[in-house]
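Trainee: Single-letter residue listing:
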Amino acid sequence: MDTFLQSVVSGVLTGSLYAMIGVGLTVVFGVMRIINLAHGELVMLGMYGAFWGLALWKLDPFASIVIWVPLMFLGGMLVYRFLLRAIIPGGELNTLLYTAGLSLLIANLALFVWTGDYRTIKLKYALAPMRPFGIAVPIPLALAFGLAIVITAALYLFLARTDLGRAIRATSQNPEAAALMGVNVDRISMVTFGLGSALAGAAGVLLAPSLYLYPTVGEILIAKCFVIVVLGGLGSVVGAIAGGVLLGLVESLGAVYVSVAYKDTIGFVIFLLVLLFRPSGLFGVGKS
Amino acid sequence: MTRAAALAAILLLLALPFLTANQFYLHLGITVLMWTVLGVAWNLLGGFAGQVSFGHATFFGVGAYTMMILYLKAGVAPWYGIVLGGIVGALVSLPIGLICFRLRGPYFSLSTLAVAEIVRLVALNWEQLTSGPVGLLITTLPAVSFAGRAVNWESKIPFYYVVAVLVVVAMLATYGLSRSRLGAYLLAIREDEDTAESVGIDTVRAKVVTLALSAFFTGMAGGFYGLYFRYVDPDAVFPIALSVEMVFIAVVGGLATVVGPVIGAVFLVTIGELFRERFLVGHLIFYGLFMMLAIRYLPEGIWGGVRRFVSAHAPARNL
Chain V
1 MDTFLQSVVS
11 GVLTGSLYAM
21 IGVGLTVVFG
31 VMRIINLAHG
41 ELVMLGMYGA
51 FWGLALWKLD
61 PFASIVIWVP
71 LMFLGGMLVY
81 RFLLRAIIPG
91 GELNTLLYTA
101 GLSLLIANLA
111 LFVWTGDYRT
121 IKLKYALAPM
131 RPFGIAVPIP
141 LALAFGLAIV
151 ITAALYLFLA
161 RTDLGRAIRA
171 TSQNPEAAAL
181 MGVNVDRISM
191 VTFGLGSALA
201 GAAGVLLAPS
211 LYLYPTVGEI
221 LIAKCFVIVV
231 LGGLGSVVGA
241 IAGGVLLGLV
251 ESLGAVYVSV
261 AYKDTIGFVI
271 FLLVLLFRPS
281 GLFGVGKS
Chain Y
1 MTRAAALAAI
11 LLLLALPFLT
21 ANQFYLHLGI
31 TVLMWTVLGV
41 AWNLLGGFAG
51 QVSFGHATFF
61 GVGAYTMMIL
71 YLKAGVAPWY
81 GIVLGGIVGA
91 LVSLPIGLIC
101 FRLRGPYFSL
111 STLAVAEIVR
121 LVALNWEQLT
131 SGPVGLLITT
141 LPAVSFAGRA
151 VNWESKIPFY
161 YVVAVLVVVA
171 MLATYGLSRS
181 RLGAYLLAIR
191 EDEDTAESVG
201 IDTVRAKVVT
211 LALSAFFTGM
221 AGGFYGLYFR
231 YVDPDAVFPI
241 ALSVEMVFIA
251 VVGGLATVVG
261 PVIGAVFLVT
271 IGELFRERFL
281 VGHLIFYGLF
291 MMLAIRYLPE
301 GIWGGVRRFV
311 SAHAPARNL
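The listed protein sequences correspond, in order, to chains V and Y. With the numbering used here as the guide, the letters of the first sequence map in order to residues 1 to 288. With the numbering used here as the guide, the letters of the second sequence map in order to residues 1 to 319.
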């Protein structure tokens, strides 16, 4: 019973961060029909941001989020404006290949500049885990979990309550109709891509103290990310949140009850099954 | 005219090892040719049928492991192993095709990525068969003689000719496919799958057969990789990056052409290997950069661009 509780807790903690990465990818897909293969590299950049913030300026990784999130937002908007905008009319496969190129470019530039060394972030307050009710909870993961909930909730309120958020949802539902109602689809796309990048960067910053950092970490993350958004239904924010938590649970429970070696395989098998039999996601809200 | 050009190209290919004794250039030539096979193989499905697979590393790895395991555990000579690697790759592709071809466009691409990751994880963990992360190592290659002379496995030249043969066969297969009924089906599928189906083309069958052909050549290239490097492990032959590099070579060179992937391989692999020789890491920077430039400015690839330029500037003539 203790093992079960322990794996549920760590599954939910990791899952909350997966959810954040997934939400970024799914919002971008919803509005622009881009499957952004460079999303994992954006997470990687966030991780390195946290690392260098601590190494160079003694900045606490969790505090550094206030620098990296706006920067990633701005960077994302620039990438959309100067790189992606011209590609989108070419269709989904072209943007897929283009973002694959972008992903390889970013990852290899990072390899070139930062080398392939594995790095870790060591925090003084994170040496021993908390033990509420006898369940071990690593402090960096708990902090990341808390911040992830705050950020995701803020995003949800933004999408649900503000005019800009409504315009994003409207574009996601039907770009032509949104344009006819006076929504500037191009500007919305730019903001959305900025938003997706900022979420990826934020997730990277939050994940950095709990994972090894290396330039090609994005490759693994993007694969997990597809599992998440397809589980939840491509284009659905709530679906991505649920998908993220679900994948976190599947991985941690799978590691305990099925096999440590095959825990990542379970996620991919579920991914294939969902793609084949429920292409609109487990909750039937996505767009296929 | 084209026949003479092809003959000249083949003669140049055969003569190349005599033009240099520099081991690095020979290694570069072998690497370029191996990636040419992969680009050409990927192009059969990705170029002609428009089905973008991000999972071809599966067939490469299966081919490499088939050749290694058959040689190490059953004593099957590597050159048979290469062909058998292709055959096993093609067999493995059948169930994968039947599953993944139920999906279209980007969804197909993502599903192949997932399959490739599953296969990689299985190879990593099925230790009785693959020795897991430790990998498999060939210490000595069997003695063999060709045209009355013993083959010197310490030299790079025999490997060069083995892979050169693979390139020529794969290109001939592409040429054959492009002029066949199946080739016409594939173009129809690429342009509009629903219409292709409505005129009576069995689209799933056409795609599965093409995937098997593509997997056959990819598997043979994998078998060659095992023979040349004499060592395979799951991270070397099954990574996502390997699948992606094949895509880039075909797209940057020119999709759905016989020559395009060759140009792509010569161009990208040469830049990549020179970069690696000089800086050790980050050799795929230019792959990413040229992919982005190609999609933006030259969607038909380098070879397609050259052909368009030539036909626009050449004086009119009767062909």
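A few of these clues could be false.
[What the hints assert, rightly or not] Label-pair restraints from in silico Cβ distances:
1. Y:Leu129 with V:Tyr118: 38 to 44 Å
2. V:Arg187 with Y:Ala314: 54 to 60 Å
3. V:Pro132 with Y:Asp235: 21 to 27 Å
4. V:Arg187 with Y:Gly135: 35 to 41 Å
5. V:Val185 with Y:Tyr175: 53 to 59 Å
6. Y:Val134 with V:Tyr212: 17 to 23 Å
7. Y:Ser180 with V:Thr3: 43 to 49 Å
8. V:Phe82 with Y:Glu191: 27 to 33 Å
[As the list claims (entries may be wrong)] According to the in silico footprint, chain V covers these stretches of chain Y (three or more CB under 8 Å from chain V):
9. 70-76
10. 98-104
11. 150-164
12. 177-190
13. 215-226
14. 245-253
Quick caveat, the hints were computed from the structure, so don't treat them as lab data. Since the structure is predicted, the reported quantities are computational estimates derived from the model, not experimental observations. Don't be surprised by glycine CBs; every beta carbon is placed ideally from N, CA and C.
Trainee: Does each hint fit the structure? Answer for all of them.
Mentor: Structure-based check of each hint:
Taking the beta carbon of each, leucine 129 of chain Y and tyrosine 118 of chain V are about 29 Å apart, not inside 38 to 44 Å as hinted. Between arginine 187 of chain V and alanine 314 of chain Y the CB atoms are about 46 Å apart, so this pair departs from the stated range of 54 to 60 Å. Taking the beta carbon of each, proline 132 of chain V and aspartate 235 of chain Y are about 39 Å apart, not inside 21 to 27 Å as hinted. For arginine 187 of chain V paired with glycine 135 of chain Y, a C-beta distance near 52 Å fails the hint of 35 to 41 Å.
The hinted range of 53 to 59 Å is not satisfied by valine 185 of chain V and tyrosine 175 of chain Y, whose Cβ atoms lie roughly 45 Å apart. For the pair valine 134 of chain Y and tyrosine 212 of chain V, the beta carbons lie near 21 Å from each other, so the given range of 17 to 23 Å is met. A beta carbon spacing of about 59 Å between serine 180 of chain Y and threonine 3 of chain V contradicts the range 43 to 49 Å that was offered as a hint. For phenylalanine 82 of chain V and glutamate 191 of chain Y, the Cβ-Cβ distance of about 31 Å falls inside the hinted range of 27 to 33 Å, so the restraint holds.
Here the region 70-76 of chain Y counts 0 residues with a CB under 8 Å from a CB of chain V, which misses the bar of 3, and the coverage is violated. With 3 residues carrying a beta carbon less than 8 Å from a beta carbon of chain V, the region 98-104 of chain Y meets the three-residue requirement, and the given coverage holds. Against chain V, the region 150-164 of chain Y contributes 0 residues with a C-beta closer than 8 Å to a partner C-beta. That does not satisfy the three-residue criterion, and the hint is violated. Check result for the region 177-190 of chain Y against chain V: violated, 0 residues qualifying (beta carbon to beta carbon below 8 Å, three or more required).
Coverage of a stretch by a chain is defined here by at least three residues with a beta carbon nearer than 8 Å to that chain's beta carbons; for the region 215-226 of chain Y and chain V the count is 0, and the condition is violated. By the rule of at least three residues with a Cβ nearer than 8 Å to a Cβ of chain V, the coverage given for the region 245-253 of chain Y holds, with 3 such residues.
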